[in-house]
Every structure is written in C-alpha cells, then in structure tokens.
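> Okay, here's what each chain looks like letter by letter:
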Amino acid sequence: MLLLNASGCLDALTAPDVASSLDAFVTKTVTPEPRKGNPPVRIAETDFGMLNAIGLANPGREVFLAETLPQLRALDVPLWVSVGGFAAHEYAETCARLDNVTIELNLSCPNVDEAPESAAEIVAACREVTANPLYAKVSPHSWDMGETVRAIEAAGADGVSMINTLRGVALDSRLHPKLARGTGGYSGPALRPVALAAVLAARRATELPIVGMGGVCNGRDALELIACGATHVALGTVLFSDPDAPARVRDELDSEATRAGFDRAADAFGVAVDGVARLAN
Amino acid sequence: MSRPRRERLRVTGVEALGPYALVRVDRGGIDPGVPGQFFMLEAPGRVLPRPMSLCFAPRGELAFLLDPIGPGTQALASLVAGDCIHVFGPLGNGFRLDVQRPLLVGGGIGIAPLPYLAEALEHPPAVLGFRSAHHAEAAVLLPNAEVVIDPTLVTDVMPTDRDVLACGPEPMLEAVRTLVPDAQLAWEAPMACGYGACYGCVVEVDGELKRLCVEGPVLCSS
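Protein chains in written order, with the numbering used here: chain G, 1 to 281; chain Y, 282 to 503.
These aren't lab readings, by the way, just hints derived from the structure by calculation. All residues carry an ideal CB built from backbone N, CA and C; glycine is no exception. Misleading hints may appear alongside valid ones.
[Claimed, not checked] Within a straight-line C-alpha distance of at most 20 Å, the following computed SDA-like cross-link-like pairs (lysine to any residue) qualify: (1) 178(G) to 487(Y); (2) 491(Y) to 159(G); (3) 491(Y) to 34(G); (4) 36(G) to 380(Y); (5) 491(Y) to 63(G); (6) 491(Y) to 60(G); (7) 36(G) to 68(G); (8) 36(G) to 349(Y); (9) 491(Y) to 205(G); (10) 178(G) to 468(Y); (11) 491(Y) to 68(G); (12) 491(Y) to 130(G); (13) 36(G) to 496(Y); (14) 491(Y) to 271(G); (15) 36(G) to 352(Y); (16) 178(G) to 495(Y); (17) 36(G) to 495(Y).
[Said to hold, decoys possible] Only part of the chain Y face toward chain G is listed, based on derived beta-carbon distances under 8 Å: (18) 327; (19) 328; (20) 424; (21) 455; (22) 458; (23) 468; (24) 470; (25) 473; (26) 476; (27) 477; (28) 478; (29) 479; (30) 481; (31) 484; (32) 495.
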C-alpha cells in the first residue's frame, strides 16, 4: 500500500518534509495554460468538512515542465502528476510530454467547467500517447461507479483514484454564499462514507489498483478504505490540520489492523466488499 | 528564520479583554518567531485549525488574542487551563524590524500582533482604533498607545511621516496604504493549512493573487 496526498492538498516545494513523509507526492493539477484560479474567498469550513473553490490555480504546462518538475524531481520522492484540461486533446498533450512519473488524470474537479468528452474518451486519448502508469481520478457524482470504472479500464487506464470532492454550498449569517464562486468542493471527514461506497463499487467492477481517499483522518479510516478494496490511500483535508498525518496514519494503520483482528493492514484488503448489497452506484 | 514545529501544548489560562479572549499556552519546544508571524491553533471540535498571530511571549509561554466571533474562535475562547491543543508555527513572514521611526497602527482584533512587535521595537508610538469603548479595553496590552473609538478612525489621527507597521481590517489597511504607501501591512484571510498547501488564503494585492501564509501575512505595499 502506498500512502499519498490528494492532489491539491500539499505543495511539496513549500513543505518538502511533508512530501518526503509520503510514499509518493501527487502534484496540484497542471493545465495547458496558466490559471490564476478563482477569486477569494476560496475556502470555508463547515461543521464536518470544508469547501474549497481554488479553481485549479497553477502556472500552466510550460512553466510546470521547465521549472516546477525539475525542482520536484530534486526532492527524491516518487512523483504523480495530476493532469487537467478542458478537452481530451489538452490532457493528451500534457501526458505526451511527461516521463518517468505516474499520471493521474483529474476528470472530476468540481470548481471548473468539464471537458465535453467522457472520462473513458479522455483516458483513451492519453493512453495513446503515454506509456507512463495512468490513473483516472473520477467524480463521486458518477451515477454508476461500476460502469464508469469498467469504461475507464477498457480505455487503457492502469488504475483509478477516488473520490474527488463533492460539490457543495455554504451560506454566511446573512444567507450569502461564503465562497466567491458560490459553490465549492466539499471535503473532510463527512466524505468518508461516500468514499467507502465509491471504492467498494469500483472494486466490484475492476481488479485495477484503486487509490482511495475522502475524509481520511487516522489509521482506522485508512483501514476501512482498504477493507472496501482500496490498494493505496491518499490524505487530503487532514494534511491542512496536521502536516504530521502521514507518519501518524501509517503508525495507526498497523495497530488498527491488529485491533480489527488482522496481522497486517494488507490482510484486510477487500474484506468488506461482499458484505454490502450490490447497487449500481 | 525559526523552523515551524507542531506540538500539543497545555493551556495555562484564558482571560477576557473586553469582547476578546487572551489564550495562553505553554511554549513547549516552539519558537515564538518574529512579530507578525502566526501559528495554527487547533480549535477543539472543528475540522480546521485557526491562524493567530502571536500577541506576546511571556516567559515559557505563547499568548494569542482572539475575537470569538465564529465556532472556531469560540471553541478556543472556551478553553480552560489544563486543556491541551495542537499548535503549529511560527509560520509566514513577519514584520521587518529595520525601521527608523516606527509607528504601530492597529484596528480592532488587528492589534493582536502589536504587543510583541512593540517589545521588539522598544515600545514605539502606536495608534489603535476600536469600534466601541468595550472593544478598546484590549488597548491595555499597549499601555502608551493613542486610542480612538469609532467614528474617529486611526487614519484621522496618525502621523504620516513615520515607518508604519499596521494590522487591522482590510478597509483600514487600504486607508493606511493610501496615506503611507510603503507601510508594512499584516493582512488576514480564511486559511486552512497555514503552510502553503491549500491555496485558500490568497488575497489580491495590486492585481496579484498572493498566498498570505507563505508570502505574507505581512506584505509591504510599495
């Protein structure tokens, strides 16, 4: 099992120690053109999670390849590059220029307009141009997770990541949206049951590696994702409140596995899959 | 600059200053940093910690002044001696202290970093603005400051031929900047992480979006 960060939840160049405490670092999503992102206010805490509407702020593909990527390589932590775009060919053009990294296609940012093509079409376009390991990060809004994952697998993906944030709204005391964009991506502990259900449905549909994420705060949360079929686990919102979370979660994972009756966390892989009724989504 | 650390620290006391709360914790192995730097304080029961600049650093302690206006700051103000919270810092860029004729300017809860700054600059003159006499009770933290209360504004009384170091609400900072273009201003924004991870705390300064936690919170406007 690899312990990763969720894309957009860590900047390895400002926090190299945190990135080095992970098994691999996942970059913020890279788009073909530079993006300033959404205007402030961009984040708002809610009772059980938080909303963000950053809007894929990034320096764009050219600056990423010329400046950011060499700096990231110097950190000596395996790299996953999150690739974004607004059409299949934009994703593919970035993938074609990446080497010696794992690619995670961001097919599910709730804070920007989506590409017109389906997830599978984007995966297929990228598969044609890269031999790098190719993961697809899918939306929890998918109506039929099994069907989505099967289509992504057929298009040539090497793995899937889930879940991205859920779209949400928070209002201030005067009933105005707290975020300047109005809506944002909802993350944090409230997402855990949604993430478990998504991973479980995906695991029934594929034997591909699955990166499970969504509200993981501790070792028990990570173990539950593994029990639902996650091969790897990513940390998101918890990194904001606890930059030491990677080491802590790894430590807790072993003791939580023991507490649940397993010798090792890996032995709990998939044990919950058969205990839940089969539903389309 | 001091390396930030995250430790679980014991609360040594919480006292009211007007509507504000002064929260003191054992310092542990955490460095108090430079005036204007900030710390992420775990707010019990909340998903995210809260960014607070250091108010002052009593021997072996760290003290934070906060305005309990939301669930996080209310949770912090409700702490009692003996409780423990995680504290992460010092973070961000503080005030430059190489100034010839410093003047401290604070508005409301924006006075929070000024006592520690006043100590570092050997107690220069200060002008503080508050919205009510009740809020102005916090001025006790800066004994020699000139205090004005709404509708009088700090910009009505402050001299403009000084090296201004200011913290307060955005309209006050904008007004101070108009009077003193090279003022050092400490800005504020909702912040999830405090260490550059979330990109949530950007503010637009002169048309550019800046991540306050790593490029600020103190920005020089000229």
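> So which of those numbered hints doesn't the model satisfy?
Checked against the structure, the hints that fail are numbers 1, 2, 4, 8, 9, 12, 14, 15, 16, 20, 21, 22 and 23, while the rest are satisfied.
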